[in-house]
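Throw the hints in and build the complete structure from the sequences for me.
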Amino acid sequence: MAQITLSNLRHSYRPDPADDDDYALKKIDLTWDDGGAYALLGPSGCGKSTLLNIISGLLVPSEGKILFDDRDVTALPPAKRNIAQVFQFPVIYDTMTVYDNLAFPLRNRGRDEDIVKRRVTAIAEMLEVTGMLSTRASNLSPDNKQKISMGRGLVREDVNVVMFDEPLTVIDPHLKWKLRSKLKELHQRVRATMIYVTHDQTEALTFADQVVVMQDGEIVQIGTPVDLFERPAHTFVGHFIGSPGMNVLPCEVKGGAAFFGGEQVALEGPAGGAADGKAEVGIRPEFVSVSTTGGGIAAHVRKVADIGRHKVVEAIAHDSRIHAILEGDAPNAGDAVMLDFKRSQTRLYKDGWLASRPEGDVR
Amino acid sequence: MKKLNQRAWLFVTPVLLLVAFNALIPMMTVVNYSVQETFGDNLFFWQGIDWFEQVLTSERFHKALGRQFLFTFLILIIEVPLGVAIALAMPRQGFWVPFCLVTMALPMLIPWNVVGAMWNIFTLPDIGLLGYFMNHTLGIPYDMTQNPFAAWVTIVIMDVWHWTSLVVLLAYAGLVSIPNAYYQAAEIDGASGWAVFRFIQLPKMKTVLTIAILLRFMDSFNIYTEPFVLTGGGPGNSTTLLSIDLVKIALGQFDLGPAAAMSLIYFAITLLVSWLFYTLMTMNDNKS
Numbered sequence: 001m002a003q004i005t006l007s008n009l010r011h012s013y014r015p016d017p018a019d020d021d022d023y024a025l026k027k028i029d030l031t032w033d034d035g036g037a038y039a040l041l042g043p044s045g046c047g048k049s050t051l052l053n054i055i056s057g058l059l060v061p062s063e064g065k066i067l068f069d070d071r072d073v074t075a076l077p078p079a080k081r082n083i084a085q086v087f088q089f090p091v092i093y094d095t096m097t098v099y100d101n102l103a104f105p106l107r108n109r110g111r112d113e114d115i116v117k118r119r120v121t122a123i124a125e126m127l128e129v130t131g132m133l134s135t136r137a138s139n140l141s142p143d144n145k146q147k148i149s150m151g152r153g154l155v156r157e158d159v160n161v162v163m164f165d166e167p168l169t170v171i172d173p174h175l176k177w178k179l180r181s182k183l184k185e186l187h188q189r190v191r192a193t194m195i196y197v198t199h200d201q202t203e204a205l206t207f208a209d210q211v212v213v214m215q216d217g218e219i220v221q222i223g224t225p226v227d228l229f230e231r232p233a234h235t236f237v238g239h240f241i242g243s244p245g246m247n248v249l250p251c252e253v254k255g256g257a258a259f260f261g262g263e264q265v266a267l268e269g270p271a272g273g274a275a276d277g278k279a280e281v282g283i284r285p286e287f288v289s290v291s292t293t294g295g296g297i298a299a300h301v302r303k304v305a306d307i308g309r310h311k312v313v314e315a316i317a318h319d320s321r322i323h324a325i326l327e328g329d330a331p332n333a334g335d336a337v338m339l340d341f342k343r344s345q346t347r348l349y350k351d352g353w354l355a356s357r358p359e360g361d362v363r
Numbered sequence: 001m002k003k004l005n006q007r008a009w010l011f012v013t014p015v016l017l018l019v020a021f022n023a024l025i026p027m028m029t030v031v032n033y034s035v036q037e038t039f040g041d042n043l044f045f046w047q048g049i050d051w052f053e054q055v056l057t058s059e060r061f062h063k064a065l066g067r068q069f070l071f072t073f074l075i076l077i078i079e080v081p082l083g084v085a086i087a088l089a090m091p092r093q094g095f096w097v098p099f100c101l102v103t104m105a106l107p108m109l110i111p112w113n114v115v116g117a118m119w120n121i122f123t124l125p126d127i128g129l130l131g132y133f134m135n136h137t138l139g140i141p142y143d144m145t146q147n148p149f150a151a152w153v154t155i156v157i158m159d160v161w162h163w164t165s166l167v168v169l170l171a172y173a174g175l176v177s178i179p180n181a182y183y184q185a186a187e188i189d190g191a192s193g194w195a196v197f198r199f200i201q202l203p204k205m206k207t208v209l210t211i212a213i214l215l216r217f218m219d220s221f222n223i224y225t226e227p228f229v230l231t232g233g234g235p236g237n238s239t240t241l242l243s244i245d246l247v248k249i250a251l252g253q254f255d256l257g258p259a260a261a262m263s264l265i266y267f268a269i270t271l272l273v274s275w276l277f278y279t280l281m282t283m284n285d286n287k288s
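Each protein sequence line maps, in turn, to chains W and C. Everything in the first sequence is counted per full-length UniProt numbering, starting at 1 for the first residue and increasing by one. Everything in the second sequence is counted per full-length UniProt numbering, starting at 1 for the first residue and increasing by one.
Treat the hints with care, since some could be wrong.
Claimed, not checked - Result set (SDA-like, lysine to any residue): computed pairs, CA atoms no more than 20 Å apart in a straight line: (1) C:K204 x W:F89; (2) C:K204 x W:D94; (3) C:K206 x C:A173; (4) C:K206 x C:I121.
Just so you know, the hints here were simulated from the structure itself, not pulled from any lab data.
Have a look at this one:
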């Protein structure tokens, strides 16, 4: 168990990186608290797997240091770091039984056979695979194989961190849910630090206490699922989390007020940020209300999608597309409507970064 | 009543004809010869299983069969581990991959009798590069035309040179198909290099190695051209393998009956060993 600190981390797959574009990881400074459940969320190619492989030691960073508590492990190989990693595709040793698979990491470290037995039995119990212990691992279904991969990570006592690299990719949808709650349960039982890499927001938000959102090799925001949903620090987070994502509308800022297509939009509070730069208003579809009579911004409905729990209305106002999520009755395509933004949830972004503060916030 | 549709014959008949003309009919003529005696003029006399008895009890056949098994055993015991070792040593990516692959494939592209002729000239004591070097430079007596041991060493090395590449290429194909995550997981699990080979690489290569061993068994067990061109079965009968002996009986002595019986026995042994091997290798695959 340890706190993991990444300090001034940069990584490039090129031998002689010239500018920022050559870096897969641009500059990472981050601390993972001991025992936390973290998710690393971002689109494919954003550098999250690179970051994971650096923590596990499969990659050595071009620059910067990794500390486990106060120990510098930057140059240590994976076996010396006492970490565990579960990969996208289940890795099992085909010729061994489930028991031998689970025992493998312990036996490689020369543990006594009775310790091995105790640990394997305990882990098998936890993963509910006790009945399969004498089965050959190659005959298991993909979800059970993935369970065994996880088990091999958890079987060692006091692993510093267990990392999951999109572990549910090959699992059937109806089993994903089960494995995900299993993971959450495991985290509560073993209390090891866990880092879960995914590009799926549902997986990230259900698993983690803290979500780290990455884009283009940089960390954009770290926060609880609620933070990410309610106050995205960057328009990218707004887009990426939520379905559909945050509406981001071009606007002009004059005298501390925002104007969208000439109409004033009431912000949550005072606008800050750089004086110039591209200004945008961000509002989640959940906080846009649609009416035919009330005030707001005039728009016409382009289409309405009924997705079961609610309806997603796509409207056009001042040549911008605005999504609204409605429960119950919704207008029809082609209708003229008025859109109203909930003031406390209307944010201002400058050059992509959050620039408004809530009313009464005196930072 | 449902009308029977006979159209399936349209699809099956060509295959049946093909198999009949290239396998069944020629084989039945061999069966025909194996139970009869002929003195030419298309006159045949029924002989029963006499030829089979004669072949199976003849010392000459036992010796040729023994030599054949020894040869095949040596080939497999050298080529399979060597092929796997070379495949493991080959780069998995980068500039040298195509170079290695093409170099490996080259020996296999050379026709059998050319290989025999090449090695014949290469090893001749007075004019061959290797033969001259061994005898006149190093002073080690080496003459595959006179010494049975030298002859054996030469035909084995020749086959290793010619066919190890096949094992290499198949094993290599198995190796490159192993996802990187396996190696990474093994590294995290603290597995030694030997454990990685034993529990990841070898199991993943099992299917292709089964095929490789099967192909090398059948080819080496039926080998004819290369040793025939190199040593002609000599010196004496020391390198007279089964197929060389068979051709001597059939075409040299024109004993068609015994030759036919021997062909069938030969065929049965090849089939039996291949079947046994394949069954043993795959019997655990579906067991839980």
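Evaluation of the provided hints:
no.: 1; hint: C:K204 x W:F89; result: 15 Å, holds
no.: 2; hint: C:K204 x W:D94; result: 8 Å, holds
no.: 3; hint: C:K206 x C:A173; result: 11 Å, holds
no.: 4; hint: C:K206 x C:I121; result: 38 Å, violated
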